[in-house]
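Protein chains in written order, with the working numbering: chain R, -17 to 271; chain D, 3 to 426.
Mixed in with the good hints, there may be bad ones.
To be verified - The list that follows gives simulated cross-link-like pairs (lysine-lysine, BS3-like), each with its CA atoms no further than 30 Å apart:
1) R:183 x R:166
2) D:341 x R:93
3) D:142 x R:73
Treat the hints as calculated values from the structure; they're not laboratory data. In this text the structure is predicted, and so the values were computed from the model without any measurement.
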Amino acid sequence: MRFLLLLLPLTLFAHINIAVSYPYIGALSKAIGGEHINTVVLAKGNWDPHFVVPRPSLIAKVRNADALIMNGGQLEIGWLPPLLRRASNPKTQVGSKNFLNLSHHIEMIHKPLAVDRAGGDIHPDGNPHFHLNPNNILVLAQTIKEFLISIDSEHQEVYENNYKNFSTIWSEKLQTWETKMRDKKGLKVIQFHNNLAYFNKVYGLTNIATIEPLPGIPPSSRHTMNLIKIIKNEKPCCILHDVYHSTKTADFISRKTGIKVILMPHDIGALESIEDLSSLFDYLTSAIK
Amino acid sequence: MQKILLSSMLLATITYASMDTIPTEKRTFEQSKFMPDISLIMDGSFVNRNIDDDEVVHLELPGIAHGLIGSHEHGGATHSSYNANNGFNLNYAELVLSSSVDPSFTMDSVFHFSPDGVEIEELYFTSTALANGMRIKGGKFNSNFGYLNEQHHHSWSFGDMPLVYEAFLGMHGINETGLQVQWTAPTSTYLMLGAEILQGENEQMFGNSSMGGDEENPLVESETAPSLLIAYAKTSFDIDDTTVLAGISYAQGSSRIDHGDDEESPHLFAGDSSVYGVDLTIKHYFDSYSSLTWQSEYLKRDMDGIQYNLNSEGAVLGQPDLTKEQSGIYSQLVYTHDKNYQMGLRYDSIFQNDVKANNSVVEKPNNLNRYSAMLEYHTSEFARFRLQYNHNKALYNEEGEQESINTLMLQVNISIGAHAAHSF
Chain R
-17 MRFLLLLLPL TLFAHINIAV SYPYIGALSK AIGGEHINTV VLAKGNWDPH
33 FVVPRPSLIA KVRNADALIM NGGQLEIGWL PPLLRRASNP KTQVGSKNFL
83 NLSHHIEMIH KPLAVDRAGG DIHPDGNPHF HLNPNNILVL AQTIKEFLIS
133 IDSEHQEVYE NNYKNFSTIW SEKLQTWETK MRDKKGLKVI QFHNNLAYFN
183 KVYGLTNIAT IEPLPGIPPS SRHTMNLIKI IKNEKPCCIL HDVYHSTKTA
233 DFISRKTGIK VILMPHDIGA LESIEDLSSL FDYLTSAIK
Chain D
3 MQKILLSSML LATITYASMD TIPTEKRTFE QSKFMPDISL IMDGSFVNRN
53 IDDDEVVHLE LPGIAHGLIG SHEHGGATHS SYNANNGFNL NYAELVLSSS
103 VDPSFTMDSV FHFSPDGVEI EELYFTSTAL ANGMRIKGGK FNSNFGYLNE
153 QHHHSWSFGD MPLVYEAFLG MHGINETGLQ VQWTAPTSTY LMLGAEILQG
203 ENEQMFGNSS MGGDEENPLV ESETAPSLLI AYAKTSFDID DTTVLAGISY
253 AQGSSRIDHG DDEESPHLFA GDSSVYGVDL TIKHYFDSYS SLTWQSEYLK
303 RDMDGIQYNL NSEGAVLGQP DLTKEQSGIY SQLVYTHDKN YQMGLRYDSI
353 FQNDVKANNS VVEKPNNLNR YSAMLEYHTS EFARFRLQYN HNKALYNEEG
403 EQESINTLML QVNISIGAHA AHSF
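Work out the full structure, taking the sequences as your base and the hints as a guide.
Here it is, written out as C-alpha cells:
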C-alpha cells in the first residue's frame, strides 16, 4: 500500500512544488509561501553543504518540481548540476523564470582578488554562507516573496501578508540577538572553515585562523602546530566548529591550549535541537558563553 | 538583481575612470564570457607486471577475447589498453568542453588524446527544454547501458575495467554514435526508462560492415546501419542514509568480428548478438565524507552466427555455425574513509563459457577469475593517486595453459579547470 502511494504522481496535489537546495531555504520559502507551496529539501542539514551526494532519488525530486531555489555562490557546484541535467526539467533549468539563485540578491563578502586552486577550493564569487547573518534572512525573505509572486501572481496578497508577518517577528528577534551578542563584540575566534564569516561580521567577532590550512584542504600537522602558537599568542575565546567535520584536530588543539571548542550549527537540522530558523539563531547567539 | 548589476557597473565605471584601458565589459565584440567550461584530465601509471610486454599481448580469454592487455597493431594503427606496458604509461589527456547552446540544448565534448592519436570520445547535444521528464541526446556518447558503461575511465574506482565488460565490449564499452531517449517517471521513487539506437560498431561484439573476399564480392554482406538497439530501466530509493540503485539493460545488434588478418588461424564471425545486464549499487553514508559502496554487475551475452575459418590467402576453410553463451560478474566494495583516503576490493569472474560449433560443444574454460585491491590517496578533489594490485587467473597462453598474472600499478589522475560535479 505504501509503495502504491509512493508511485502516485505528485502533480495530483495542487500546490506549487518547490525544490530547494538547503533546509534554511525550505523554511524561509514555507514561511512566505504558506499553504500554497510544497517545499522539497535536497540536502540534509547536518551534512557539509559543499558535499551532497547526488542520489538518484533527488533526480526524481527535481524532475517533479515546479520551481527551484538555490543558495548559489558556487556552494552547490559539486552536486546540483548533474541533478539538473538528469532531471531535464525545463522549469528548473538555470535561467528559467522558475529558477532562483539567492546569491544574486545578496552582497557577498570575501570575494577573492585572485582565483587559483593553489589557494584551495575557493569560491570565486565570495563567501557563500551568507544566510548566517540574520539580517540577510530578511533580504532573502523579500527575494523569495518577489519570486513567488512572479511565478504565482494569483496569491500575491497572501505572500505579501506572510512576508509582512515574518519580517515583523524577525525584526523583533534581530533586536534580541543583537542585545545578546553585544558583549561579544571584539572577540577573536578560530573556525574549521570560515562558514561563519557573515555571522562574525555582523556581531563584530574576528576570525583569526581556520583549522583547515586552505579552504577544502584537510588539516595538516604543520598548520596545526602553527595554530597552537597563534592561539597562545592571540588568546582567541574559542574554536567555533561546524557539525560536519571531525572535531579530532580541534580537540587536540584544545588539549594543548585549553581553548574551548563550541559546536556551531549552520542550518536547520545540523543539531537535533535546531528545528527552525529562529532556533538556529537562538542557538548561535547563545553558544559563546 | 538589477540594483546589484547597476551598482557594480557604476563601481566598475568609477574604478576604471582613471585608467586608459576600456574595461572588458565594454569592449564591443568581446566574447570571452561565452567561453565553454573547460577541463583537462591527465591519466598515467607506473606498472610492474610479472609477465613481460611481448608475452602479455598474446594472452587470451579462450573463446571470448584476445589481447586484453598490452599494445597491438591492427589495420596499421596501434591499439593500447590502459596501463599497457611495464614501467611508465601515459594513458591519456582528456579535454572536456561543455556549455549551453541556446535555451533548448547543451553540448558536451570529450577529446581523448593518447600516444596513439586523438579520438572524439564523446560529442553530443542534450535537450534541456522538453517537459514531462523527457530528455534526448544525440551524437557520440557512452551508452547508459548498465552502471559503469556511462562513466569515464577516470571516475572508476579501479584503474582497469571489470573483466566482464572489457571481455564482452572492449575497453571503451558501448561508446557509439546515435540517439538516446530517456524518460524519468513522475513518481517520488526514481524510475528511469531509456532507449538508444546506435550505429553498432563495437570492436568486440557488434558490427555491420562487409568482410572478407574482395570489394565486389565480399564473403559477408554488410548489414543495414544503425544496427544496435539498447533499452534499460533504472530505479533507486533511499533507506535512511543508504541508497539503492538497480537497473536492467538489454542490447541487441548485428555482429561482425574481423580477425581475417591474424597470423594464426585467421577467421571472421558474422551473426546476431545480445547482451543482458543487471546492476546493483548500494551505498551507505556514515557522514559527509565517509561511505561504503557495494557495486556489482552481471553481464550475459548470446552470440549466434557463422564463423568463417580462413587460410592465409583469405580462402574459406570451413564455416561452422557458432553459438556462444557467456556470462560473468564483477563485484566491488569500496570504503571511503575521508576526503583523503579510499580503499577497495574487487572480484571479477566469467563463469559461463558455452561455445558450440555446428551444435557440438567446444570445450572452453569457464572459471576465469581476477582479484583486485586498491588504496587511493587524494590531495584534493582534483588529484588522485592510486595503488592497485591485480591477481589475474583469467588469461591463457597460446598453448592453452592458464597464466597467473600479478600486476602492481601506481596510477595518477589529475584534473585542472572547470569543477567536474559528480554523478551518483
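Against the structure, the hints come out as follows:
Taken as a hint, the residue 183 (chain R) and residue 166 (chain R) pair is honoured in the structure, with Cα atoms around 12 Å apart against an allowance of 30 Å. The straight-line distance between the Cα atoms of residue 341 (chain D) and residue 93 (chain R) is roughly 25 Å, inside the 30 Å bound, and the hint therefore holds. Our distance criterion of 30 Å between C-alpha atoms is met by residue 142 (chain D) and residue 73 (chain R), whose separation comes to about 27 Å.
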